[in-house]
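Q: Listed here are the chains, written in short residue letters.
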Amino acid sequence: MRLKRALLGLLVVVLLGAAAFFYLVRQPALPAGQPPPPASFDATLIARGAELAMLGNCNTCHTKDNGRVYAGGRPLMTPFGAIYATNITPDVDTGIGSWSEAAFVRAMSRGVRRDGQHLYPAFPYDHFTRVSTDDLRALYAFLITREPVQAQTPANALPFPWSWRALIAGWKALYFRPGEFKADPTLSAELNRGAYLVEGLAHCGACHTPRNRLGAQQNDRYLGGGEIDGWHAPALNSSSTAPVAWTREQLFTYLRQGYVAPHGVAAGPMQAVANNLSAVAEADVKAIAAYIAAIVGRGTAGQQPNAPTPGAPAPGDQDQKSAEGATIYAGACALCHEPTGQQFSARGIELTTSKLITMPDARNLAHVILEGIKPPLASPAALMPGFGDVLTDHQVAALMVYLRRSFSQQPAWPGLEDSVRQARHSATEP
Amino acid sequence: MTAVNPTLSRRALLGSGAALVVSFSLLRSPVSTVLAQAPPRLPGSLRRSPKLDAWLRVDANGITVFTGKAELGQGIKTALLQVAAEELGVEPSQIEFITADTAKTPNEGYTSGSQSMQDSATAIRHAAAQARELLIAAAAQRWGVPAEQLTVKAGTITAPDGRSASYGELASADMLNVEAQPQSKLTEPRAYRLIGKPLARVDIPAKVTGAPAYVQDLRPPGMVHARVVRPPSYAARLRSVDSSAVEAMPGVLKVVRDGQFLAVVADREYQAVQAMTALAKASVWDETKSLPDPAGIYDWVLKASAKEYVIHDARNGEAATGGRTLEAVYHRPYQLHGSIGPSCAVAQAEGDGLTVWTHGQGVYPLRAALAEMLHLSPDKVRCVHVEGSGCYGHNGADDAAADAALIAMALPGRPVRVQWMRDQEHAWEPFGAAMVTRARASLDGSGTVTDWHYEVWSNAHSTRPGGAGNLMPAWHLATPFAQPAPEPIPQPTGGGDRNAIPLYQFANTRVVHRFIADMPLRVSALRGLGAYMNVFSLESFMDELARAAGADPVEFRLRHLKDERARAVVQLAAEKFGWSAGRLAKGRGRGFAFAKYKNLAAYTAVAAELEVEHETGKIRLLRFVAADDSGEIVNPDGVRNQIEGGIIQSASWTLREAVAFDETRITSRDWSTYPILRFAELPDHVDVHLIDRPGQPFLGTGESAQGPTAAAIGNAVADAVGARIRELPLTPRRVKAAIGI
Amino acid sequence: MLTLNVNGQPHQVDGDEATPLLYVLRGDLGLNAAKFGCGLGQCGACTVLLDDKPVLSCLTPIAVAKQRQITTLEGLGGHDGPGPVQRAFIAEQAAQCGFCIAGMIMRAEALLRRNSAPSEAEIRAHMTTNLCRCGTHMRILAAVRRAAQMVRSAATDAAHAQEARR
Ligand code: FES
Ligand code: FES
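Protein chains in written order, with numbering that gives the first Met the number 0: chain A, 0 to 429; chain B, 0 to 740; chain C, 0 to 165.
No wet-lab data here; the hints were simulated from the structure.
By construction, the Cβ of each residue, glycine as well, lies at the ideal position given by its N, Cα and C atoms.
Do not take every clue at face value.
Claimed, not checked - Restricting the straight-line Cα-Cα distance to at most 20 Å, the calculated cross-link-like pairs of lysine to any residue (SDA-like) are:
#1 Lys65/C to Glu146/A
#2 Lys65/C to Asp13/C
#3 Lys288/B to Thr730/B
#4 Lys617/B to Ala120/C
#5 Lys617/B to Asp13/C
#6 Lys735/B to Leu44/A
#7 Lys617/B to Arg123/C
#8 Lys65/C to Met0/C
#9 Lys373/A to Thr730/B
#10 Lys735/B to Glu146/A
Unchecked claim - Pairwise CB distance ranges, derived in the manner of DEER restraints:
#11 Ala120/C to Thr615/B: 18 to 24 Å
#12 Thr59/A to Ser118/C: 22 to 28 Å
#13 Asp41/A to Gly316/B: 47 to 53 Å
#14 Ala278/A to Asp683/B: 27 to 33 Å
#15 Asn218/A to Thr615/B: 32 to 38 Å
As the list claims (entries may be wrong) - Which bits of chain B does chain C cover? Going by a derived footprint, with three or more residues having C-beta under 8 Å, they are:
#16 60 to 73
#17 361 to 372
Make the full structure from the sequences, and use the hints.
A: The following block contains the structure:
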């Protein structure tokens, strides 16, 4: 196994190294300067940049827990190692204070640092390259007029060969197709706007599209479901397993409020996105919803909520587990998830419509059971306490067996207890 | 046990008479306030209950002290015990202490308005001192020794020749069954053993070890558990309910229905909870829109028909010339008490009497209201105060007592425990009223305020049970009791206009209270009443004026403040805070505020420092420094605890809290739809500095920090971001909007 | 019938295994400390320990507590022999109404069992699950710091005693 890995590594190095040779290995460094005075920017340009920053979720990656906004330091856990998001406040020494507009635009659209070094594609320039130069200028105007924050970004924790930035040149040669977004004249203005945002700044595909072993999006399965921070990013295309067809109205509310019945809450990594979208122009969120609905709609249109089929026959210990899960459900979940005569205090969705219970990947449901859900900004009532300290891995698995059987028609999850253990392991908040 | 001995019922009668007076003085015209003062001017609550043995009894089995006040979590029991022990010349541990109980204690109306020290401590102090003198006189007579030569220690009187006798031996049957005198021989401050020294709270050990401490913990033998099913909204009408299935549920003993009033009783608590849910499902309600549009609530406040009271109008100076005039309008939403433990009560109907264990603030007024609701004579009803979760004013306690009483009458003999659910507490407790204030003032050339004009629009701030009509469950009965039209609480204490009159000296001052009787949302007393909003407004506006005058906010306040004790707390807070004009780091701000609660009670000044995150408008509290003068301090740690708590609670109101509703329902139903401050959002430090005034009257402290804290935060935010936010709460969204990009 | 192990004592309880632990503790076992605050997992007034972990007993079906150790405030010490965290709360007079305090002490106990030298930030983050309406927070924090101190010195004393015995 180890040997195979090593050989593969070597192969990769050789291949990409060669490719890199033909590709421009080194881009020129651009001159360092001082941040232009805020007064030199038109206020409306800065305001537009502020919205674009929200649409691009810059704050999500470029802010560490309890850290100052945009000051970086958050590790992105890639299969290759931890890559730290940089400080994008206009601090001259530790941020982008010395970056000219040209340097910023090049980084966004070509994935190259001011000093000419290639940026790791964990920074999704394969999407940002679709963004119009005007928008990039606005974004620059916003970021460069923020409060500078002194914050050194930690060095990436990448093993060789991945630590070798020249490799990125090869990666780019293989997978990176720069170029601004081209509108499709056959689509409505709104769909084109949605497409522009989804493909570009909002970079939805970065999480929701599966990646190959070199970390490149498998665009033949575009939005077919990906991976982020130990969570499954569900498919947004026809392979979606959502038990209820998403309407564009529901998508809009979900993206805007972070919660929509009957689908539920934006939990895990998605919540930050919803929080940002609650603060941007409504029309843009509508456009994103319209575009995603146009993609996802086809697949799930017409699907019905899962009829509960309690006690459906299943092999081996499943029955016993399911019975155990049923009691846990009655005592811990039903209080909030069963309909009551008067729905007053915070209540969960009816689980027959839960998107988590039908997912191919069990980890998201495990995460929610273990960690609970903290409410999105715009939907304070959409919260759930975590049961990580209440339930053992075995009990969580038992509960999940019961839920999967009773509230979906999907086959039992394989290796459930492992998924639970993984989820508990990668849990961010206790 | 409803049978009471003659002396007690005599006192009880006297009590209920006074109860009438007190509830009148709280709710009705000034006329009856005059009535309240009719009896001779005895100190504190002795005015209402002048017999010494109403307050303490001494016999062979020891010393018992009585107070009509209730422990609400404010630590009053400990402070009163200190006062009693001090004047009696005994150790606190020698005293058995009895709090509010209509069968045992004097009538002191409500435990509210930070009055307990002024009322009860004063009464107990004088009664104890007079009792001590009577006992000494008895000893002097028995031994034929001059009283001056006798010494008292730990409840024993000793003569120079060594003869000694305990209080128990000296006390005679009705020695204390005498009227109190206006004057008492009080212990000299320099001779204090207990007053002014911290005494550990007597109730805390039980609370940290899980001993029964709350009405929620009562378990009389045979007790059963009840839950009510409330209407989904104020105006909802019960169309139909089929309770047959519920009655068949395991453990269910009874479904009680009286008009709209729905309840279920079961053997075990969880059975009652499940039955309640089932009964809610089985009930059909017709709802109608009865609430104002929440988006336009402040327009509603301004447009609602209001009665105008000019509560202050002093013109003794020239109108400003050559100066500038500023005007500002401030808004405060409905806010709720939200005790951590929802309301609870236990009631038992026996023979023709009823006993109710309640955490309400006034056992006598509650007794009168329950008696009216149940058509019983008051002496058939006994109300016993037992602690509940923290009480910050008129919450659901009295209503829960009414629930328990109604259900207990339907289940004679069984003690019935009613526990409200969280959503019931949130939706049905009376809120603190939404308010609008407008301030206008002129500065003369020298930066002195010459004309001050202030208006406050507000609902009532007390709809306490004077009668059954103020018990919410009574509204839902088949023959309902209507809620009486509220009346404003008259100055000098005031309700919506509490602290509306500035303590500052201005040449011309005019203050108008616009009282709105119509109450679409149920409102009543919430800690500080109108003072929270009025002090927020006054002290924010003083800051705006200081800025306009280019003056330091603290110096500007002192410039207009003549009251020496006020000046002292302002100066102490500023000094301890390290107040300076020095520039703080970007995004940081400091703010100052002061008030004398009710213009009658404690003087409190608060200085705050905080940090605002430019990108999000999030406020991070850094530190609070408070200075307080509560007159003579009985228990310094108790006072500190009250101020610290007031600061944190007010910070929560000010940064987070607003009751959400739509045109039909209250939608703040739990802690997710009504978020409050959590540990992660606390300041780094809260420091409280006390000024003791030995020999001065006690001044209530319980509510004095609410207003100054709010204004100090608002002023600090303005200092940090250079923009003023005049609408509470100061949410990140509002702050960010004020900051701009 | 199932057996619950509460404060080291086995207890037979009957009834629905889905019943939240809170009602069984208060009703069947007559324990007062765990309080009903919301029944929704939002306030922490009902906090008890399940195998050293802080759990909200209002949302904990007794079924999951079988064969596990349940600890309530009563289990930390009584009126005459309060435990370290309880003593710390008394020393700091960390209560107003005290209704939240049982939950606070149990949550703090759980933290100190895991880590007897928590940073201020860790304490605040850990305690943030629990609500207090009286504003006793600053004293509660002081009490937790003091309790940590007491737990640590108790540990070192024990260590020294060990040494001495060798
Ligand atoms: S009562 Fe359990 S969390 Fe509030
Ligand atoms: S002390 Fe009253 S709720 Fe915390």
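Q: All hints are to be evaluated individually against the structure, with a verdict given for each.
A: For each hint, the structure was consulted:
1. Taking the CA atoms of lysine 65/C and glutamate 146/A, the gap is near 55 Å; set against the 20 Å cutoff, the hint is violated.
2. With a C-alpha separation of about 13 Å, the suggested pairing of lysine 65/C with aspartate 13/C holds against the 20 Å cut-off.
3. Restraint check: the Cα-Cα separation between lysine 288/B and threonine 730/B comes to about 28 Å, which exceeds 20 Å; the hinted pair is violated.
4. As the CA atoms of lysine 617/B and alanine 120/C are separated by approximately 18 Å, the hinted pair is consistent with the 20 Å bound.
5. Taken as a hint, the lysine 617/B and aspartate 13/C pair is broken in the structure, with Cα atoms around 50 Å apart against an allowance of 20 Å.
6. Between lysine 735/B and leucine 44/A the alpha-carbon distance is near 18 Å, which keeps this suggested pair within the 20 Å criterion.
7. In summary, the hint linking lysine 617/B to arginine 123/C is supported, as the alpha carbons are separated by about 18 Å, within the 20 Å threshold.
8. Note on lysine 65/C and methionine 0/C: the hinted pairing holds, with a Cα-Cα distance of about 11 Å set against a maximum of 20 Å.
9. Taken as a hint, the lysine 373/A and threonine 730/B pair is honoured in the structure, with Cα atoms around 18 Å apart against an allowance of 20 Å.
10. Distance check on the hinted pair: lysine 735/B and glutamate 146/A sit about 15 Å apart at the alpha-carbon level, within 20 Å; holds.
11. Between alanine 120/C and threonine 615/B the CB atoms are about 20 Å apart, so this pair conforms to the stated range of 18 to 24 Å.
12. For threonine 59/A paired with serine 118/C, a C-beta distance near 26 Å keeps the hint of 22 to 28 Å intact.
13. Checked against the hint of 47 to 53 Å, the pair aspartate 41/A and glycine 316/B passes, with Cβ atoms roughly 50 Å apart.
14. The hint said 27 to 33 Å for the Cβ distance between alanine 278/A and aspartate 683/B, and at roughly 29 Å that hint holds.
15. For the pair asparagine 218/A and threonine 615/B, the supplied restraint of 32 to 38 Å holds, since their beta-carbon distance comes to about 35 Å.
16. Under a criterion of three residues with beta carbons nearer than 8 Å to beta carbons of chain C, the stated coverage of the stretch 60 to 73 of chain B is upheld, 3 such residues being counted.
17. As drawn, the stretch 361 to 372 of chain B meets chain C at 0 residues by the rule of a beta-carbon pair under 8 Å; below three, the given contact is violated.
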